[in-house]
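Asks: Using the sequences and the hints given, assemble the complete structure.
Number of protein chains: 2
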Amino acid sequence: MNNCFILKGTICHTPSLGRLEIHENAYTVCMDGICEGIFDEVPPEFRGLRMIDCTGDLVIPGMTDLHIHAPQYSYIGTGMDYELLEWLDNRTFPAENCYRDTKYAEAAYAVFAEKMKNSATTRAVIFGTIHRESTLILMDLMEKSGLVTLVGKVNMDRNAPSYLLEPDAESAAEDTRRFLCEVQERRYVRTKPIITPRFVISCSDALMEELGTIAAEKKLPVQSHLSENPDEIEFVKQLSPESRFYGDAYDRCGLFGRQSPCVMAHCVHSTEEEAQRIRDNGVYIAHCPASNMNLASGIAPIRKYLDMGIHVGLGTDVGAGHTVSVFRTVTEAIQVSKLYKRLVDPGAKALTFAESFYLATKGGGSFFGRVGSFEKGCEFDAVVLDDSRELLCGSEDSESRLERAFYLGIDRTGIIRKFAAGIETELYNE
Amino acid sequence: MNNCFILKGTICHTPSLGRLEIHENAYTVCMDGICEGIFDEVPPEFRGLRMIDCTGDLVIPGMTDLHIHAPQYSYIGTGMDYELLEWLDNRTFPAENCYRDTKYAEAAYAVFAEKMKNSATTRAVIFGTIHRESTLILMDLMEKSGLVTLVGKVNMDRNAPSYLLEPDAESAAEDTRRFLCEVQERRYVRTKPIITPRFVISCSDALMEELGTIAAEKKLPVQSHLSENPDEIEFVKQLSPESRFYGDAYDRCGLFGRQSPCVMAHCVHSTEEEAQRIRDNGVYIAHCPASNMNLASGIAPIRKYLDMGIHVGLGTDVGAGHTVSVFRTVTEAIQVSKLYKRLVDPGAKALTFAESFYLATKGGGSFFGRVGSFEKGCEFDAVVLDDSRELLCGSEDSESRLERAFYLGIDRTGIIRKFAAGIETELYNE
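Going down the list, the protein sequences come from chains A and B. Counting in my numbering, the first sequence runs from 1 upward without gaps. Counting in my numbering, the second sequence runs from 1 upward without gaps.
By construction, these hints were calculated from the structure, which means they are not laboratory data. None of the values given here were measured: they were computed from a predicted structure. Don't take each hint at face value.
Put simply, identical chains are the same to the list, so a pair is met inside one copy or across any two.
With a cut-off of at most 20 Å between alpha-carbon atoms, the simulated EDC-like pairs for lysine to aspartate or glutamate come out as follows [to be verified]:
1) Lys341 to Glu234
2) Lys341 to Asp231
3) Lys115 to Asp32
4) Lys115 to Asp386
Replies: Below you can see the structure in the form of structure tokens.
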């Protein structure tokens, strides 16, 4: 097998929130895709395995991107003067409509897949569009990308332009079932489907109930958006007056973590009651700080969620976020937590680098199982960074080097090797 | 002369705040370093001039960085878990101490100058350290960099480790006068000195008075820091109880725009009275959003300052900011203005892309005179961007392309030509 080997380097990971461990000149071992731990010397039982010597380079777990919209890469970094609902109408919906054309989807998704492949991301939870065939094209490309991903065909049957709506709940459910069959036929190894109601605004109760049934039946995870923007939340209140809070509208339909794993993007404005339900149901929060700035949504109270014991990971939320770089998201999560402390709640301690690093690795990675650190038994996801071009004085300690690698965004040029679930990706860097 | 030529391309600039003009397939003319305006066709009097044909590329004014610390590039992106005063003690002061060694300064400033040269920045207002010789080395390098800059030898005589203090106000003033003589002897064309009290905390009244006298005598501009962080402001209150507000401590010593141009970094927490004095004295504000996030300072109320008619430009504030990219600062200024609106003052309209673009060009550029647009009579500062690698669908309008160039940070790889005051820089890109 290709995926038994030893990797040597400056190994950095966070086995728990904020506990950054750095092992200089250390070894980690991958056996059939599973990590055997970190060692100062190669244990006898692994001697003879292929040695990948990256002495001096930083070795970190792959990044997990818990929330990204593949079709939105095509208009990334434009239309940023809008807020959420007008941004959807003016940018997102017209752009997503292009994906009814599979030729367009092939070209645009190829660009997206190439970007993801060359990023530090090894795991991603991805939105497609409502289009079944195009979403299968996306999955084909992700399967080849080297990443391990969950990809959703989006469902929506109301409150969007008619060109982007499924005709009704039944036919949407039928199309989704057909999509799931076709996925199964393709026998992907690294690419799995995820049930994806866009958000309550664009999904009728009937549609959400159908999706809840499918998720339960097929034991599939669920992704959606939650409590992102005040106008959005107000609209949900009108649409679902029987729900106690926004997230309750999902929960009533079996789409909120009770029966299958669930990740909700944003949670900027969750009420106390919603936060408690999130925790009680084991729902993951995908924290997307760039998006929340760009769409003027606000700042999610991540410190509070962590203190409550809620699972939190990071999301780039392309295209409301303007880069696929989770490195950037790590620094942005720290930055906005500092502003939150300064402007909203002086008692909410800012995130440290080590904490944000954890969110990007084990925090979000655990949505995929044992993923995101080099502890024994974890799936082997690793990124090797050459930061030598940025070693300005030659005397930096490894912790400073690691922090700088994130702040300077050396994932754009400094990734030299990348492994996801033990398999190495061939890289092309900028 | 080398600096008479025609430049053809997609010419973008903001002659006034928020008024973005894009001229497709247009021409701009540089005569002896001065811009003749933008033309749809080359006017007869300029025919025969050398034509630089960048058809299809984006042509923008050079960026002005109104606040950057050259010595801090050496530890950029590290120690980011600190707030201002502890960050100074733990990171900045020990690092700046290295510059007493001119060999170190030569090596470290060479890296900085190379970064600046390859950035989109054509104008910068720069802090050195207290060290006269090292600051001259920095100026030598900046003179060769192609940028037009103002560089300050820093003054400080209190409240810092003794290794980084000048012994007293008189000797500091003497050393500064000597520095200014030596600068004059070097006959720089593009590099001028700027009086640089670090901030009130580290400058005694006596020192500030000396500096005020020198600034008036030599007709030199002034740079410093103002109202960045609550702890800092509290400390200034104790140190200067006779001042009505932080900025008044500068004003009492002739260092606040009355007698010579003045730029103050940050102004995150300026009182109403301070803001009025800033406006009345014509003081420039260098808005440094990344720094203000990284050091948990807060968000400067830029919309208010603009509405008051205050001059505002952007600063990267390396090393509290973690990149020399003013492109990035443009997007961050927009992002934090959105958070300010959401979290602090719903009445404060967020900055648009066109407004933030203006701040980075004419807004800050005007500190250097007629700089920052392609209007007739402006000094000719231009950057040409090749964004073809990012044209995803091939059908983007130029305004979207421009916005995306900033959000995607194509200044890292896409700058193909750069001119400052009419002189072209030879570039090396990542």
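Asks: Against the earlier hints, flag every one the structure doesn't satisfy and list their numbers going up.
Replies: Number 3 - this is the single hint that the structure violates.
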